[in-house]
Amino acid sequence: MTTMSDDTFENGQARTGKVRIDPASGVPTTGHEWDGIEELNTPLPRWWVWTFWITIIWGVGYTIVYPAWPTLSGGTQGLFAWSSRTQVASDVADLQTTRGPVLGKIAAAPLDKIESDPELLAAARMVGKVAFATNCASCHGAGGQGAKGYANLNDDDWLWGGKLADIKQTIEHGVRWDADKATRSSAMPAFGRDGILTPEQIAIVADHVRTYAETPDSDAPTPQGEKLYAENCASCHGVEGKGNPEMGAPALYDQVWLYGADKPTIVARIANGGGAVMPAWKGRLDDTTIKALAVYVHSLGGGQ
Amino acid sequence: MSSAETQSILLDDPIVEAPHKVYPKKVDGQFRRIKWGIQFATLAIYYFLPFVRWDRGLNAPSQAVLVDFPHRRFYFFFIEIWPQEVYYVTGLLILAALALFLMNAVAGRIWCGYMCPQTVWTDFYLTTERWIEGDARDRVTLDESPWTRDKIRKKVSKHFLWLLIAWWTGGAWVLYFTDAPTVVWKLATFRNGAFDTYLWIGILTFTTYVFAGVMREKLCLHACPWPRIQAALTDEYALNVTYRYDRGEPRMSLKQATAARAANLPSGDCVDCGQCVAVCPTGVDIRKGSQLGCIQCGLCIDACDAIMEKIHRPARLIGYDTEMNVKRRQCGESAIYKPFRVRTVLYVLLILGVAGFMSVTLATRDDMHVSVLHDRNPLAVRLKDGGVRNGYTLRFANKKAEARSFTIAVSGVAGAQLEIVGVTPGNKGKAVIEVGPDQTREARVLLSTHGAGGSKGQAPVTFTTTDAVSGEATQVTDVFIWP
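As they're listed, the protein sequences go chains A and B. In terms of the numbering used here, the first sequence opens at residue 49 and continues consecutively. In terms of the numbering used here, the second sequence opens at residue 7 and continues consecutively.
By construction, these hints were calculated from the structure, which means they are not laboratory data. The model shown is predicted, which means the values in this text are computed figures rather than measured ones. Hints may be right or wrong, so weigh each one.
[Unchecked claim] To give a feel for the contact side, a few chain B residues facing chain A, derived at Cβ under 8 Å:
no., residue
1, N383
2, V387
3, D391
4, V427
5, P431
[Unchecked claim] With a Cα cut of at most 30 Å, we get these calculated DSS-like pairs of lysine-lysine:
no., chain 1, residue 1, chain 2, residue 2
6, B, K390, A, K290
7, B, K32, B, K405
8, B, K390, B, K333
9, B, K27, B, K294
10, A, K161, A, K216
11, A, K216, A, K275
12, A, K275, B, K462
13, B, K164, A, K153
14, B, K27, B, K157
15, A, K161, B, K405
16, A, K216, B, K405
17, B, K462, A, K290
18, A, K196, B, K462
19, B, K294, B, K344
20, B, K390, A, K177
21, A, K311, B, K462
22, A, K311, B, K390
23, A, K161, B, K157
24, B, K344, B, K390
25, B, K27, A, K66
26, A, K177, A, K211
27, B, K261, B, K333
28, A, K153, B, K344
Just so it is clear, CB atoms sit at the ideal spot from N, CA and C, and this is done for glycine as well.
The shape of chain B in the complex, shown without the other chains (with noise of 0.2 Å):
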């Protein structure tokens, strides 16, 4: 670059930009009603969601999606989620990650435009901005304008419908964590005791009224990490909203344009309306190509091809499409589209793999849960008669949504004796230990040698604990310790 290019940069254009409140206007068009529609499903699915019944029977909540963080469990409609367990949660983070890898590879942060929570929500708080103050010339005229009547009557509406829709945002995520139509039952009727009901709906209502109504796109410039990720997950095939510089510059009126034509001279489709500037929710010029700030709405597009009809010049000026498509173009090669690259069949496969995985390991999971614990001080006992005696916590996680007792076996030590404290032995010598409807037990089990000898060392012991009823068998391993 030459010195006078660097100063016509530095000159011209600021590195960094002086912060500045964006007004974005209003658009309508494709992209604008693809982002309506997936805006509608999102809010509905986030605020009714908690709605939904699911009945599990007599002794389960009856709530499709709940966390229940006093019982530890966590229901998703049919699928019932333990504490040790929570490895299916790590497998959804992982989906969520892959596809997310996979939507980026496909068509860039085509997240962040249309389902990222802080999107929908700031599109959410615009609409209402709209709606009361206008569009975005009113809108700047309005904020430069003294304290009317009238601007203060406009302020005070839109901040209260902001806090509104904040407060049943903070509200709606509540209801996720306990029986939503009973505390929204006791919201209503003041009735509520818990102080951390409130609580959490104040700290929601305030980050969201902050993010989505004062943040905004500052949060995607500055807050999140995804952006500055992302550039090392795409590659020169993900579509990206794009200007076509190639057919857009030079950029003149549509006379000299016209003019030029004619003349047989260069001559571009941009006439430099500043519409798609005008309707961008970050404030981002996309005529300087891909940058941080855009979040791949595609708003637009849609403003730019609003314009093309009017000058009657084909649409999609700007579009998606690849950097690499607009320099093929200015090369005179086709345009090319990758969707089935090493990257993206990888992914998916690997999304199929995880997916796969949970599925099959979810639906053959027992209903039965044991784990064993082995005594760490003292690991071993020498008994009066020179036998041994290992103690263990054996923890039984019944699952299923009545009581069912069990009967524990050992194996693995020859001629050990079993006993549980506080569970006598039954008429054939056996231990039989109930445990209630979708509940945990814990159990010390003592597990004793008798007469002198035996083994030194350590061997592994096994124990079996089968339904009194189905036979159904669950097994656990731990070690017999001599000392």
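Looking at chain A on its own, in the form it has when it is part of the complex (with noise of 0.2 Å):
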């Protein structure tokens, strides 16, 4: 067999070599050949080459048919003036138009009719529960178990009220939210810290307190405690600390602490007073929504 020389290959000259079958594999050989080693024909498939030349000649209408190429003062706009934003708008509007006609049911329909009517609860369960994780869970939680200072929605404990109503008047307009007139407003005075009572009686008041809560470690309620109770705290948590979600003060006498139920730290909510601050939500989201998340976090504890 000859050598075949890298000249007369490149100049496109009729091969030189011995073109002959490969005995191995059945397949003509090209007549190249280094060092005794011979190459064999086995050009790339012709459907291969074709969807190679396919594929570049799609990628560069791809760019000219979209926005792709960019300019001193922006970028071309392709052919169909196509840019992701339009896209997203049109596809939210896709959106809107399919789920519009439930949304339209739960906007009309009156709040407490929502939740017996099988199909308007599925559907206000489903936007509420997306609008909770959205906006609520960072503060209530992923399922509306609260925390330390944030409210649990899964219990049956309200400060403002558990009804529907109740719900979507504080969802609407916030607590101690100072920008929103119809705020949810009240404020524990600042017992300790603004001298009204003594650390001692703010003492005696943590363990009166503790009596309601029937905390295992809680000592039996002294006249002290009753008469200081009683002049400074009961106008608000009542006589019997059953608490008046008129007015967001919290019942003293069940389980529920939205702070804890441990003396520390009653005594720094009589010390220090004030209260947790939730934003009101309307303007921000819309009316439907707004029904939908009071029905959902309705459903979680189903409160009075």
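Two chains, two separate frames, one set of hints: put the complex together.
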């Protein structure tokens, strides 16, 4: 077999090497040989080559059809003026068209009728769940389980009332959200910081309050504690510590404690007063979403 | 193997054959007729099954076989499968695999040769091709001839017919997923608005055309995993299309063979006419023994039998036989056939077992399904009075064609109160939930204990759903958790 020089091949001249059928594979050789090793003539399959060319043409075409090439003052707009922003906008519009009928029904139905209609309840819970995960879960937890200072929405204790209308009102206007005139508002005085009560008195009231909570380590009520409670706390929290949802005064006789039932926590609450803030959502969320959210939250705990 | 032998193999016989186009020749005979029959039956089932009606009442589709994705149902005659019963489909797949194993243990890759869709449609396409372009020799001549008006006419009509078949095949597949007569009518009157119908018909038309028209045996040889797996599933008792070389070799012409026989010299029946190769749809030479390319269709048997008849030699020089039997005959032993072996009996028992289990569960399944999901976050909530509340999501599936009412009762936690969001308790304090015909309904269920104390940890809790009319009860169990 003759060895071929490289330039012969590059010149595109007729191959001088011996083209023959390779005995082992049955495939013709190119006539190319290096150090006794011959090259088989196995060109890329035609379909592969065509696919290769088509992808290149496709790729170039794509950059013409869609916005792609940067220019000094922006970029090419493509042939159909397509952009991901308009795409998202039209997708959102499509979604609203699809959801329109059921959302319309939720918007039209009175709040308490939504729960008794299985279809509306399911839809409202679905919409509410998503809105909750987006807007509420960061404070109230993914399942509305709350945390210290953030209300648990699954229990039966509702500071501002747990009826559907109460929940909706709270979501719309927030709690101690001063920018909203209709916000839920009440102030627990800072009995310690403002010098209304002495630290000893605060300790006595705290012990007294803990008797309501029926914690295992609480003492029996004392006359002194009862007197201090009646003078300072009963006006808001009620004579028997039953609380008052009208003014968001928590019940003190029960087992649900927003900040905790241990003595240092209660002492700190009495001494420093104040209360948690929840933003108003009216204006940020549309009315239908707020309605759905109220239904969802109500279904979590079904509060009174 | 001596180096001379290696050399001879290398020189005579390429290890890897260069790709070449296969022109299978027409053949007639016993196996071809069986193949016609099976082909007709399978194609008829495929094309016409969607049009079979099955009355299921008002609220259900009346198509016998229907995969209803939008409503998440699968209908197969009297069987209706819900998403949560998808294990029946798994069972069917297991049955199909076992049947394939059994077939393989009895007669090798018989599936490939007769029932594999690739074979069936390739055969269909070949028949069409033969009808327009003539038999193998004519087709070779046509392909090699220059482009004349006649050649263009033939090629165009062939590809048109192929596309027509492909289109009808793709279309028929779509019919399994929607009401067949409706969609046919819509397509025929150009009123089909759904783009995905056209998309799927297009995709399936394309794949049918490419697989059956262009790829053909290449799919069996290069793409299909089955020939690779089946070597591990077969054994020396499985029937295979076998060239009985004990009888065929040495190959010689009829004249030479007659002379050799007269002289009492070794003589073979194979006259090397090449008909077995000519008719093979995958272009295999069966005389080289059992091989990957052989799909066991038996057409070479028919071709060889025709020749044997002409030269007045006994039929079945090629036949369904085992390599072991050929060897036994060479040693003067008699052929043995053992259809009942540990392997086959085991497969049959497994098939009967799985099929039996599926039939029993299918026959005794509830037409009511309840599933329960415990709240994850929070797992449990302390109530004002020291009680505990757990939240659950219950999902009811009414598999009957009429609306039904169910009462929900709970047991397992003493004194626990049940509350269903959006459902007010009825006159006897029982919660009644209505589920529409053939529908599911989800309900949020709150279970509360009251008063301090009670257990710690968790306890099993059972929800019992009772049909208000028939009294049929379904139970589902979860846990009640104390914080």
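Hints, verified against the model:
1. N383: Hint on B:N383: holds, closest Cβ of chain A at ~3 Å, below 8 Å.
2. V387: holds (4 Å)
3. D391: Holds, because the Cβ-Cβ distance from B:D391 to chain A comes to roughly 7 Å (cut-off 8 Å).
4. V427: Constraint on B:V427 satisfied, holds at 4 Å.
5. P431: Nearest chain A Cβ about 13 Å off; hint violated.
6. B:K390 / A:K290: holds (11 Å)
7. B:K32 / B:K405: violated (53 Å)
8. B:K390 / B:K333: This hinted pair is violated, its Cα atoms lying about 88 Å apart.
9. B:K27 / B:K294: holds (20 Å)
10. A:K161 / A:K216: holds (14 Å)
11. A:K216 / A:K275: Given pair A:K216, A:K275 is violated - Cα atoms ~38 Å apart, limit 30 Å.
12. A:K275 / B:K462: Violated, at roughly 37 Å.
13. B:K164 / A:K153: Violated, because 58 Å separates the two Cα atoms, which is more than 30 Å.
14. B:K27 / B:K157: holds (18 Å)
15. A:K161 / B:K405: Distance ~28 Å between A:K161 and B:K405 Cα, so the pair holds.
16. A:K216 / B:K405: The hint is violated at about 37 Å.
17. B:K462 / A:K290: Since the Cα atoms of B:K462 and A:K290 sit roughly 27 Å apart, the hinted pair holds (cutoff 30 Å).
18. A:K196 / B:K462: Within the cut-off at roughly 23 Å; holds.
19. B:K294 / B:K344: holds (25 Å)
20. B:K390 / A:K177: holds (25 Å)
21. A:K311 / B:K462: holds (25 Å)
22. A:K311 / B:K390: holds (19 Å)
23. A:K161 / B:K157: violated (75 Å)
24. B:K344 / B:K390: Violated, because 77 Å separates the two Cα atoms, which is more than 30 Å.
25. B:K27 / A:K66: It holds: about 27 Å lies between the C-alpha atoms, which stays within 30 Å.
26. A:K177 / A:K211: It holds: about 18 Å lies between the C-alpha atoms, which stays within 30 Å.
27. B:K261 / B:K333: holds (27 Å)
28. A:K153 / B:K344: violated (72 Å)
In summary, the numbered hints that this structure violates are 5, 7, 8, 11, 12, 13, 16, 23, 24, 28.
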